[in-house]
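Asks: Since the structure of chain W is already known, use the hints to place chain C on it.
So you can see what is in the structure, the chains are spelled out below.
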Amino acid sequence: MSAIWAASPSELLMRAATKAAGRRRSFARRRLVLIAGLAMLVIAIAAVLLAPVLLSQSPTTIDVLHPLSSPLTAGHLLGTDQFGRDILARILYGGRIDLAIAFGATSVTLVSGTIIGLVAGYFGGKVDSLLMRIVDLFFAFPFLVLIIAIIAMLGPSIFNVFVAIWITSWVAYARIMRAQTVVAKKQQYVLAARALGYGRLRVMFRHILPNTASAVIIFSMVDAIGNIILAASLGFLGLGAQPPTPEWGTMISDGQNYILTSWWLATLPGLAVVFVGVAFSLIGDGLADVLRAGDR
Amino acid sequence: MSRFGTLPRRLVHLVILMFGITLVTFFLLRLIPGDPALAILGSSYTHDRAVAIDSTLGLNKPIWSQYALFMGRLLHGNLGFSFFYGESATTVIGQHIAPTVFLIIYSAVLAAVISFPIGFVSGLRRGGVVDQSSRVFFTLSFAMPGFWLGIILILIFSVHVHAFPLSGFGRGFAGHVYYLFLPALTIALGFSTVLVRSLRAATIGTLQAEFIDTARMKGIRWSRVLWRHVFRNAILAVVAVYGVNLAYLISGTVLVENVFSLPGLGTLLVSSVSSRDYPVVQGVTLLFAVLIVAINLVTDITQAALDPRVGQEIGT
Chain W
0 MSAIWAASPS
10 ELLMRAATKA
20 AGRRRSFARR
30 RLVLIAGLAM
40 LVIAIAAVLL
50 APVLLSQSPT
60 TIDVLHPLSS
70 PLTAGHLLGT
80 DQFGRDILAR
90 ILYGGRIDLA
100 IAFGATSVTL
110 VSGTIIGLVA
120 GYFGGKVDSL
130 LMRIVDLFFA
140 FPFLVLIIAI
150 IAMLGPSIFN
160 VFVAIWITSW
170 VAYARIMRAQ
180 TVVAKKQQYV
190 LAARALGYGR
200 LRVMFRHILP
210 NTASAVIIFS
220 MVDAIGNIIL
230 AASLGFLGLG
240 AQPPTPEWGT
250 MISDGQNYIL
260 TSWWLATLPG
270 LAVVFVGVAF
280 SLIGDGLADV
290 LRAGDR
Chain C
0 MSRFGTLPRR
10 LVHLVILMFG
20 ITLVTFFLLR
30 LIPGDPALAI
40 LGSSYTHDRA
50 VAIDSTLGLN
60 KPIWSQYALF
70 MGRLLHGNLG
80 FSFFYGESAT
90 TVIGQHIAPT
100 VFLIIYSAVL
110 AAVISFPIGF
120 VSGLRRGGVV
130 DQSSRVFFTL
140 SFAMPGFWLG
150 IILILIFSVH
160 VHAFPLSGFG
170 RGFAGHVYYL
180 FLPALTIALG
190 FSTVLVRSLR
200 AATIGTLQAE
210 FIDTARMKGI
220 RWSRVLWRHV
230 FRNAILAVVA
240 VYGVNLAYLI
250 SGTVLVENVF
260 SLPGLGTLLV
270 SSVSSRDYPV
280 VQGVTLLFAV
290 LIVAINLVTD
300 ITQAALDPRV
310 GQEIGT
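Just so you know, the sequences run in chain order W and C. Each step along the first sequence adds one to the number in numbering that gives the first Met the number 0, with nothing skipped, and position 270 is 269. Each step along the second sequence adds one to the number in numbering that gives the first Met the number 0, with nothing skipped, and position 208 is 207.
So here's chain W without its partners, still in its complex pose (with noise of 0.2 Å):
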C-alpha cells in the first residue's frame, strides 16, 4: 500500500511531521522542539499536582457571595462559575483526571497493542491474520462510537472510560508495529540473531523492538493528544466524570449554559486542553527528529 492511501489523521499527521522534520531544521532547532514541548508538559503536571500549594482555594467551595464573578477579580484569578467555586482551582485540580487518562491509557495501550503487533508481525501465518481481523474489525466502528457504546454498557464513571480505551486502542499501535516488525524480519541484523540460535523472545524483544520502537513511540505522543481530546469529550457528554468532580469536559459542557453572560466559565478550560495538546504535539514533533535522526 502507497503511503497516503490507508492513514488515519493522527498516522498522516505523524508522517507529515516526520518528513518535514529534520530537512530544514538545524540540530539544536529540533532538540528545541522537544524541549518546549516538556516544559509544557512539566509546567501542567506541576501545576495538577502542585494545585493545593499554589492554591488556598478548593474547587468544590461554594462562594455564595460571587457567583459567576469575571476574571481577574480579587481573589479570583480566572473568575468563579454559578456556584461561585473558583476557576482556576477547578481546572487544575480538573486536569488530574483529564492528565491521567492521557498518560493511564495511552500506556497501557502503547505497551498491549506494540506487543500484538510484534507478535503478529514476527509469526505471521494464521495468528497474523486472525489479529488483523480483529484489529480491521475495530477500524470499522468509529472510535467515539464504539467507546460511547461500551461506556454506556459498563455505566458512565472515569473508570470506565479507561476500560473502554484500554479494550478498544491498542489496535493502531499494533498495526503499526506489525508493518514495521515485517520488514524488519527480513533484514540481515534479524537474520543474524537467528543464525546464532537466539529464542523468538529474545530476537523480537532485544533485537527487532529496540529498532523498531521509535514509530509507535512517536505515535503515543499524538494518541495522548487523543485521549486527552477523548477524556474532555466524555466529560462533556456526561459520560465520564460525574457532578461535582471537577473535569475539563464537565466544566465546559456546564459552562455552556452560561454562553450568554460568562464566556470564561466554557472557554478557559478549552485552552488548557489546547495547551496539554500542544504540549504532546511538540514532544511528537521533537522525537520525531530525534529518534529518526539516525535513519536518514
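Keep in mind the hints are simulated off the structure, nothing from the lab. Since we're looking at a predicted model, the values are computed, not measured. Honestly, I wouldn't trust all of these hints.
[To be verified] Label-pair restraints from in silico Cβ distances: (1) 186(W) with 53(C): 51 to 61 Å; (2) 100(C) with 182(W): 51 to 61 Å; (3) 262(C) with 165(W): 26 to 36 Å; (4) 26(C) with 158(W): 19 to 29 Å.
[Unchecked claim] Here chain W is said to cover these stretches of chain C; the calculated rule only asks that three of the stretch's residues, wherever they fall, bring their Cβ under 8 Å from a Cβ of chain W: (5) 7-21; (6) 252-262.
Just so it is clear, CB atoms sit at the ideal spot from N, CA and C, and this is done for glycine as well.
Replies: Showing chain C alone in chain W's frame:
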C-alpha cells in the same frame, strides 16, 4: 488483471467484516454488569417484566441461539424494542438519521472548500505565507477538542455577531444550510487538518514527477500544467483520505450534534446512554459501522475508477 483487480476478494473480506461487526454489537449487551433486565428496567423492575425481557432478548437461551435470534431479527430490520421511547428501535433511529446525514455531507463539502485551495497553495509554495500560517492554525486545531471549537464559534458568531443561530436544525433545505453552518464548520475545520496535510504532501509529490517536466518541455502553459496535471493528480490522494477518515467525521458529528442540540443520531446515542436504552445504543453503533464499511467500499471503487493503478493495489 481486470481494472477492478482484487475487488472480489475484498468483497469476501467485507462479508467477514460485516459478520464481525454484528458479533461485536451483539456482545456489547453482555458487557452490562449483573442482570441486563434489571439494568433495562431500573426502578420499574418487577419479576414479570424481567421474565418478559429475558425472553424477548433470549437471555434464558444458550448464547449461540441468542446470537441466531439477534441475527434473525436484524435481517428483518428489527433492532429490538426501545423501552424509553416505547417504539421499535428501528423507528426511533430512523427519525434521527436525517440531521446526521445532512451534517456529515455538509461538513465534508465545507472541508473541501476550505482545504483544497489552502492545501494546494501550501504545496506549491512550501514555506510561504499560506503554508506557514495554515501549519500553525492546523497544529492548534489538532489539539483542540471539536466540541470546544464549536462553543467558541457560537460565542463569536451567535453571541457577539448575531449571524447564526445558537442551536436547532431549521426548516427546509435553505433552513438546514443556514442552521447547520456553524456545526458543519466546526467539523470541517477539524477535518481540514488532515485534508490540507495530505493535499500538500500529494502536491509536492506530484510536482516532482517526471510527467510534469515532460508537460513543461512540451511548452504547455504553467497554469494549465498546474490545473490539468498537478491538481488533478494530487486530488486523487485526497479522495482516499475522505473514505479513510469518515470515522473521524462521524465522531465529530456525535460531539457537535450535542453542542448544537441537533436532533440527530449523536444526540440520540448520548441520551440513550443515560436513559439506559440499550437497543438504541446497539442499533446506532451497528448503523455507523455498516455505514463506514459501505462508504469505504464506495471510496475504493471510486478510486479504482479514477485511477487504474489502484485496481491492482486494493486488497493486497
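Asks: Indicate, hint by hint, whether the structure satisfies it.
Replies: Status of the hints after comparison with the structure:
| no. | hint | verdict |
| --- | --- | --- |
| 1 | 186(W) with 53(C): 51 to 61 Å | 57 Å, holds |
| 2 | 100(C) with 182(W): 51 to 61 Å | 41 Å, violated |
| 3 | 262(C) with 165(W): 26 to 36 Å | 33 Å, holds |
| 4 | 26(C) with 158(W): 19 to 29 Å | 20 Å, holds |
| 5 | 7-21 | holds (count 5) |
| 6 | 252-262 | holds (count 4) |
Going through the hint list in order, the structure does not satisfy hint 2, though it satisfies all others.
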